[in-house]
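Chemist: Chains as they are written, first to last, in the working numbering: chain C, 36 to 482; chain R, 36 to 482.
Among these hints, one or two may not hold up.
No distinction is drawn between identical chains; accordingly, a pair holds when it is met within one copy or between any pair of copies.
[As the list claims (entries may be wrong)] Keeping only pairs whose Cα atoms sit at most 25 angstroms apart, straight-line, the calculated SDA-like set for lysine to any residue is:
#1 Lys167 x Ser467
#2 Lys109 x Arg443
#3 Lys359 x Asn112
#4 Lys64 x Asp228
#5 Lys167 x Pro471
#6 Lys373 x Asp325
#7 Lys64 x Gly292
#8 Lys109 x Gly415
#9 Lys109 x Thr273
#10 Lys359 x Ala427
#11 Lys109 x Asp228
#12 Lys109 x Leu455
#13 Lys109 x Arg68
#14 Lys109 x His156
#15 Lys64 x Ser231
#16 Lys359 x Ser293
#17 Lys359 x Ala388
If you are wondering where the hints come from, they were derived from the structure by calculation, not from laboratory data.
2 protein chains.
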Amino acid sequence: MAPTASAPHRVVIVGGGFAGLYAAKELAKAGDRVAIMLVDRRNHHLFQPLLYQVATGALSPGEIAQPLRSIFRKQSNVTVLLGEAVELDPAAREVCLSDGGRLPYDTLVVATGARHSYFAHPEWASFAPGLKTIDDATEIRRRILIAFEAAERETDPVARREWMTFVIVGGGPTGVELAGALGEIANDTLRNDFRSIRPADAWIEVIEAMDRILATYPPDRSASAQRQLERLGVIVRTSCRVVDMEPGRVRYEGPNGSAEVRARTILWAAGVQAASFGRTVAEAVGASTDRSGRNLVNPDLTIPGHPEIIVAGDAAVQPWKRGKAVPGVAQGGIQGGKHAARVILARLDGRPAPAFHYQDRGDVAVIGRLRGVTNIPWLGPFGKQSGFLAWALWLGIHIVYLIGFANRIVVSVRWAWSFLTRGRSTRLITGSPLIPPMDHPGPQPPD
Amino acid sequence: MAPTASAPHRVVIVGGGFAGLYAAKELAKAGDRVAIMLVDRRNHHLFQPLLYQVATGALSPGEIAQPLRSIFRKQSNVTVLLGEAVELDPAAREVCLSDGGRLPYDTLVVATGARHSYFAHPEWASFAPGLKTIDDATEIRRRILIAFEAAERETDPVARREWMTFVIVGGGPTGVELAGALGEIANDTLRNDFRSIRPADAWIEVIEAMDRILATYPPDRSASAQRQLERLGVIVRTSCRVVDMEPGRVRYEGPNGSAEVRARTILWAAGVQAASFGRTVAEAVGASTDRSGRNLVNPDLTIPGHPEIIVAGDAAVQPWKRGKAVPGVAQGGIQGGKHAARVILARLDGRPAPAFHYQDRGDVAVIGRLRGVTNIPWLGPFGKQSGFLAWALWLGIHIVYLIGFANRIVVSVRWAWSFLTRGRSTRLITGSPLIPPMDHPGPQPPD
């Protein structure tokens, strides 16, 4: 098994998100002692923390994504492959692709991430799209913009109200940032764009099952975020659980009984479930997963009994202090991916695999224009910011982590311009451009 | 008919391309003497001359499009409407929309433009997409990028050759600029991105029915363009007519008989036909059109017998010199649209409608990186440039005409960056990301 100069250690990485990307990058250190095959269904790495900005028309898709091939152009030990991993043959140590191809590995890194969970209601996906891919983002952008256009055309006040009502299910970072951006669109961006409606009359609700939004933050940060959303006119309903949904209406149960909202635009930002290949791996090797299908891994992120399979990022539940899981944020993926590389490097050198230690760099969420909350423990009292300073911190951090120098400049220009003009210049309706009739939930979001 | 202060002259403009946009902008001069309703199926104005750059991954869609509402935010005599004009009631002077709405007008401006014509073969549209909308551009980008990905995976040399063969039907400006960009992608952009294929081995053919490409330019410019394409490795076949096509193969007839090319990527940039509403108008009022369905108009761009209907841009055969029609370029639309506004202003003042005079500002086409041709008659001998100077002129002109200040800066940054790095940073495969099996032509392009 010890690698020789003539036979490099074959590493297959499935998934080009944060975990897969940083695993492959960190393995640059191994030089030609490893041969890395990075497989993804998409040809690009997506900077997911800014995806909601595409969904709300502030950025264009190309500004937050970078082709994987161009990222690894100069790292000669990486081969990028566009393909879908569908099965695992743990005995032969091969990953099987949907087109019949097979990729042999010495070490497998599973970095396939997670997506939203509709719990026991997969049928909700078609009328309450989630936000995980660029196609999701342009679909959500289409729905938001079409809703205002339809309201402008509508003369019946009840129907107009339905078009101008937006429900976001889930008050985690994605839900909060979407709601903040929607509030900004309604109050600022579209202020003078319409002749019949007042966009500021939009009714935006966030429905969260827990007793507070941003539940991974300390309670005072959650309270601050809620206040800032409310100042934008957003209604925050905590301790409320969605129990039923059909096109145009959402029913939820809360401390005061159940209620129904009629809304033509419903967005989903709740629940977590492992992407299918992560679960396929668990089944193939007979490993345990949590309820969401995420792999329960050893302290070094390998699967128990399978030291040759490492699961990094949201596809795994990692041991962490006080038994809490690493939150599903970019830092979790980046650190997990780098750790996977370190495990492989240790093996190549014959050292024992190190244990994974998550370093909480803190969280930042932005709420519309000039507002936000931060929770950065290692900065002490300064780490708890609200409003403008939080927003400025958020800006800096995201520019620094964005992949691709051109993207960094372009996004900076866009943000500076939006800041000065209160505009969002990429408000394009693509795909089906017309207003769907009242009984039709609109086209299905891409899979 | 004379407008009074209490009843503004109602202008309906159908189409938010160059002609419709500039007609509405020019009517700012009329203040509240007119009430303009601008109807488009899309919510954005698209800067079509740069659409091929989206199709080839150099720019992101949001960088060449601007929401119509934000363009007219401050022009209070314009109301923007998202809708599809499907019928005309010339007696009632009303435009009928697909959702049943009716728009009464005192003057109608038809600015619905043209699209590619597949001649008598509409079935070719599904495997040889044309380039008119943003959705077309992202679909073409997907096909080009998927082709290189598939070639990288393919081990059979014949099949690999088919993936690496690109046929562009039509050698007008769009076909030439697409071919140049493809040549640049193959030779420069992707040079170090793949491990199994050499992108520079790509085989790119342009098939043109006329005896030269860029037939609206003087012959020496056409020859120069052809030389510059050939230096990029592009095969230019003039006097060749496509006679048959099916997924994966194109048959054409030329001076040396007929031949077949096997190519997995076929792009269509030939023929012109008026968009359907332009033809609907002609039928409704019993007016004449040319073979392409474009309205034959009076010297002032009105329809004979219908001074209240003005047809501007590619929906009309706009008169030029010696019986020639104005070419289907941005300037034709801009000048036609401005003229439509001038006709309306003249009527409001009780003056006779002026005749349309097209001012040929000249043509510029870019061919890959640092190359191009210009034909700018009013600059004298200096107006005929090739190579670098043509490319630099093209750059300046397009930045100046691009709508939206943020877009101008962002596009400048992208171009500067691409120039320095030979990169194209928006090479995203969206929509269906996987390589289609050999017998399947891929998903249909959006309508």
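Chemist: Hints first: check each against the structure and report whether it holds.
Modeler: Status of the hints after comparison with the structure:
| no. | hint | verdict |
| --- | --- | --- |
| 1 | Lys167 x Ser467 | both (20 angstroms within a copy, 15 angstroms between copies) |
| 2 | Lys109 x Arg443 | within (20 angstroms within a copy, 31 angstroms between copies) |
| 3 | Lys359 x Asn112 | neither (35 angstroms within a copy, 59 angstroms between copies) |
| 4 | Lys64 x Asp228 | between (53 angstroms within a copy, 20 angstroms between copies) |
| 5 | Lys167 x Pro471 | both (24 angstroms within a copy, 23 angstroms between copies) |
| 6 | Lys373 x Asp325 | within (23 angstroms within a copy, 65 angstroms between copies) |
| 7 | Lys64 x Gly292 | neither (58 angstroms within a copy, 58 angstroms between copies) |
| 8 | Lys109 x Gly415 | neither (40 angstroms within a copy, 47 angstroms between copies) |
| 9 | Lys109 x Thr273 | neither (49 angstroms within a copy, 40 angstroms between copies) |
| 10 | Lys359 x Ala427 | neither (29 angstroms within a copy, 58 angstroms between copies) |
| 11 | Lys109 x Asp228 | between (47 angstroms within a copy, 8 angstroms between copies) |
| 12 | Lys109 x Leu455 | between (38 angstroms within a copy, 17 angstroms between copies) |
| 13 | Lys109 x Arg68 | within (16 angstroms within a copy, 62 angstroms between copies) |
| 14 | Lys109 x His156 | neither (45 angstroms within a copy, 45 angstroms between copies) |
| 15 | Lys64 x Ser231 | between (61 angstroms within a copy, 23 angstroms between copies) |
| 16 | Lys359 x Ser293 | neither (32 angstroms within a copy, 70 angstroms between copies) |
| 17 | Lys359 x Ala388 | within (22 angstroms within a copy, 77 angstroms between copies) |
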